Every structure is written in C-alpha cells, then in structure tokens.
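Q: Listed here are the chains, written in short residue letters.
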Amino acid sequence: MSTMKQIIFAVAALAFALAVPAFTDASHLNMAILILMAAQVGVAWNIVGGYAGQVSLGHAAFYGLGAYASTLLLVKFGVNPWIGVLAGGLLAALLSLGFGWSCFRLKGHYFAMATIAVAELVQIFFTEWDYGGAAVGLYVPMDRQGWLWLNFATKLPYYWLALGLLLITLGVNWWIERSYLGYYFRAIKDEPDAARSIGVNIARYKQVALSVSAFLTAVGGSLYAQKELYIDPNSVLSTALSIKMALVSILGGVGTLFGPVVGAVVLTSIEELTRIAFGGTGRGTDVIIYASLIIVIAVFYPTGLLGWLRSFRERRLARGHASRQMALPAAAVQNAGKETV
Amino acid sequence: MKLLEVKQVSKRFGGLVANQDVSFGVDTGQVVGLIGPNGAGKTTMFNCVAGYFAPTSGSILLGGRDIAGLPPEACARAGVARTFQIARTFTSMTACENVMTAAMLLQHNVAKARKTAMDWLVFAGLERFADRPAASMTISEQRRLAVARALATQPRILLMDEVMAGLNPSEVREAVDVVLKIRDKGIACLIVEHVLEGIMPIADKIVVLDRGVKIAEGTPQQVSNDAAVITAYLGD
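Protein chains in written order, with the numbering used here: chain A, 1 to 341; chain B, 1 to 236.
Take the hints with a grain of salt, since some may be wrong.
SDA-like mimics (lysine to any residue), calculated; alpha carbons at most 20 Å apart, straight line [stated by the list, open to error]:
| # | chain 1 | residue 1 | chain 2 | residue 2 |
| --- | --- | --- | --- | --- |
| 1 | B | K112 | A | W175 |
| 2 | B | K115 | A | Y180 |
| 3 | A | K107 | B | P71 |
| 4 | B | K115 | A | R178 |
| 5 | B | K205 | B | L180 |
| 6 | B | K115 | A | E177 |
| 7 | B | K115 | A | L181 |
| 8 | B | K112 | A | K107 |
| 9 | A | K107 | B | F53 |
| 10 | B | K115 | A | A112 |
| 11 | B | K115 | A | K107 |
| 12 | B | K112 | A | K5 |
| 13 | B | K112 | A | L86 |
| 14 | A | K107 | B | D131 |
| 15 | B | K115 | B | T138 |
| 16 | A | K107 | B | T91 |
| 17 | A | K5 | B | D131 |
| 18 | B | K205 | B | L3 |
Derived CB-CB ranges, DEER-like [stated by the list, open to error]:
| # | chain 1 | residue 1 | chain 2 | residue 2 | range |
| --- | --- | --- | --- | --- | --- |
| 19 | A | G164 | B | A130 | 35 to 45 Å |
| 20 | B | P37 | A | I7 | 10 to 20 Å |
| 21 | B | F13 | A | A117 | 28 to 38 Å |
| 22 | B | L16 | A | T3 | 46 to 56 Å |
| 23 | B | R12 | A | S269 | 57 to 67 Å |
| 24 | B | A130 | A | K5 | 12 to 22 Å |
Rather than coming from a laboratory, the hints here were simulated on the basis of the structure. For clarity, every value in this text was computed on a predicted model and none was experimentally measured. Built from N, CA and C at the ideal position, the CB exists for glycine as well.
Turn these sequences into a full structure, and let the hints steer you where they fit.
A: Written out as structure tokens, the structure reads:
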C-alpha cells in the first residue's frame, strides 16, 4: 500500500472508531472494546513475531504479568493503576530478558516451542502462588472510580482507553517500521546470517523487538484487568491467549502495520457472533471456525488477508495494463545495452 | 602495507582438519584469489576471516588488530565485509532497502542511508532496480546487489565467496568489472573462486589451498606453472 493510501485508510478507520460509541448499544460497545484490545495485543505481538520474524507463542506471559502487576499493586499496596500499568510494562520488559536469553538460542519452530514452555512455567507459578490469588484469581476493587483510578461503572471510558492504547501501539509500530530498527528486524527475519555480515547484532535486536513487544502487551493486560475487574491464570496467562495474539496478526497479515487490526476485527467478530448464535461459549463452534481459518490461511493465503487483498489488486492492475506491459521488454533490452557499453 | 594477515590459522571440526597452519596476507587495495579443488578448505578459511567460525589456533590481524574469534557483526564493524555463495539478499525488501540496511551500520538515519545506498546501486549498475523487490531480480543481479550491500558498510576488505559460479560469460565479465571498480576504490578483495578464467586475469596474488594446507602462493603466472598446483588440480 502506498503511503498516501495508507494515510487515507488510517484516517477513515480512525473516524469510524471515533463514531462507534454514537451508534452502538452497550453489548455492541463491549464487542468493539474486545476488538480494540485484541488488535492492540496483535499489533504488539507483530513487532517481534511479524517484523522480526520470531514467532512467539508465549506472549500471554507478558499479558498476564501486566494484569497481575497492576492488580496486585492496587489490591495489596493501594498503588494507583496508572503507575501499576507502567510497572507491569517494565516488569514484562525485564522478564523478556530471561525469555529471550533462554529462547533465542533456538530458531524457527524450536523457538516457538520454547516460548510455549516458558509461558507455561509462568502460568503454573501464578496458579500456585497463594499471595497472588493462586487459581482463585484476583478482584479489582471498585471503591475508587474515575479517570484517576482507571475504574468505571460504564463501558464507554474503556472504549476510549482501548482506542488510545491501540493508537499508541500503532504509533510505536509506525515509528519502528520507518526507523533503522524496522530495517534491522526485517533483515533478521529474511536472512539472519547476511544480517550479521552487515554488522547487525541479531541477538541484541531480537531482544529489543521482544522487550518493546512485551512492554506493550503487558500494558494491554493491565487494561484487561481494569476492564474485567477480575483476573485468574486461565483468563490472562493461557496458551490459548498466546495463540490468539499470534493468530490475529497472521490472519490479518504479519509484518504489516494494520494487519493485526484487520485480523482482530474478523477474529473477534467470529468469536462473539458464534457465541450469540449458539449460546454460552458458542459450544466450541468458535474454535472450529478458528481452526478452519488457520488451515485456509496456511494453505491458500500465507500472507494474510491484507496480503491476499494486495495480490488481488496487483493481478487486476496487471490485467488492466497488459498493453503497457508489452512495451517493457524493449525498454529492458535498451537499458541492458547501455550498461555493457 | 599488510591490511590482512592470516597467521598459522588452523581450524578443526572434531577430528576433521579443515585448515592446517595456513598463513597469507592481503595488502591494501590488492585483489587476492583463494583457490583450490573441492574440499580444500577455502570456504572454512573464508568463514574464519569473516567471523563465522572461530579458528582453533592462529591469529587473523586486520590492520594490526587481532579479529580471530570475533563474531561476524564485530568483524563487519572492524572493516570486513562479505558475500555468500547464494546471494542471501533480503527478499522482503527492495534492492535499495537491502543496501540501506547495510549503510545503517555507519549511521542510523534512514534518509542518509537511502542516499548512500543509491550511490552504491549506481556503482554496481543496479540503479534501475532500486524500487523493485530483490526477489524479482536474476541470480546474477542479486549477487551484484549483495556486493553493493557489502560495500555499503564501507569495508577495508571485501570477501567474495564464488561470485562468478554459475554465471554465463557476459555475466562473468560484469562481475569482473565490478571487482576492478572495487579495487580502484582502494578496497582490498579476497575472492574464493572456482571459475579460474574469471579470477586469474584480475588477481594480484593467488593463494592455493589443498586438503587444508597452503600449497602455493604467488602471481597467477607463478601459481599456474607450479607443479604442486597442477598435481592438485589434475592429479598425478
């Protein structure tokens, strides 16, 4: 997508997002919040999983750490959640050092498997940790409300918070994409050995990608805790959650700015609509559709929905300009001639 | 002046001796060919100099500083650039972005890196591919792109691993022209090569390896008349 089109798309999407609360009821607003939150963690995951190509299936560890850090600080020490959010992010970035140190020794599938194992360890820790609520979980008290305490009786403020956090996360990705970091991440993804040959310390830059991603994911986890007012290891630390973060990106298009947003809209809609249609937790139908989607993407559209749209448009353009294409070989021959002279 | 000095370098993989006490030097601005039959240990030696393998023993001096055992990224910083047998271009990027990424070793500013990268693309005769995906280029073009990318790190010595293998005669001539242009810039070249027609006319010096040891060193004429070299290539 050209920069101009990207900007138009972004402005249109933002205008739509700003207008959503005006024409939705409470339940649809909740769904919109879920979409924004899924998009935000997808965008955060995309930094390390998409741009740098290190597919992590353990990101729930960071999400949970953020949720637990801000909640524990609030419940046990009365610390303001705004500070708790930052503390959770920094803690996750710190944990990501150990995460990277142990997992980045491995490549490809082995890396992904190791991240599952590390996240599983974190989940077991929180399930057994009595002070942290163990398997029972933690409630966020509602005694202090308002923007200062990030705690509201209505959904609307959470919508703005989720939208704001998504915009910040997108902004970080936008900056990374255009800075040298974006080039280094893509180089590491494409050809790690060649990246080293031009002086890229791949261990260091993989870690940078993971730490930034971990920080933003943890902030998303804190927001989840403040919105749901209840967390337990299953809701914020499960492997299924890690997979969903990756899936949002993969479905929309890995390594693209807006891919995870598109993926989150599609995936969360499926999830919620199947629940509405079949009742309860959708009796597992959402999982069936998830699984089918993964298979369809893997087989037919490995570049995701955005990649598919792009190739679709390119094919249409190529057909439209078939006559112009005919003139190309002649020009190429001329150029080649110039060069040998 | 000696730019690169390889002193008594040995590399063993378990019981296998890939290089045994190999010594040679490359002067500033010199083109040196590293040749030898299959399995002679050329690529191992090459990887030791570029930091991909740590030598088992011996030292590798670049401008007097020992770089043996440094990781590849540190070697790149010290002034050693390399290309690979297969081009290993960054296929998700355009040709220009490939070179830009390398130019970022010197400064992280993207706009400045783009400017430097365009200069190197012109140098390699690839400017018309600047905004095309690297994956859409031919093998020979991608190899030249890899050379441009390596040069954008502003190396003191460029190591080229079989840049001419599998090219047709006119592509070999293009590759040779690029090597000569690099030498004219004062950058030394160490070239591992199978295509002797390509390397013999342009090398200032040839180092011949066979079964891990150096069997000859000298001008292309001296080396091609050397009895040990002829035996190594053609048998007894």
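Q: Find the hints from earlier in the document that the structure breaks and name them by number, from lowest to highest.
A: Numbers 8, 10, 11, 12, 13, 14, 15 and 20, in rising order.
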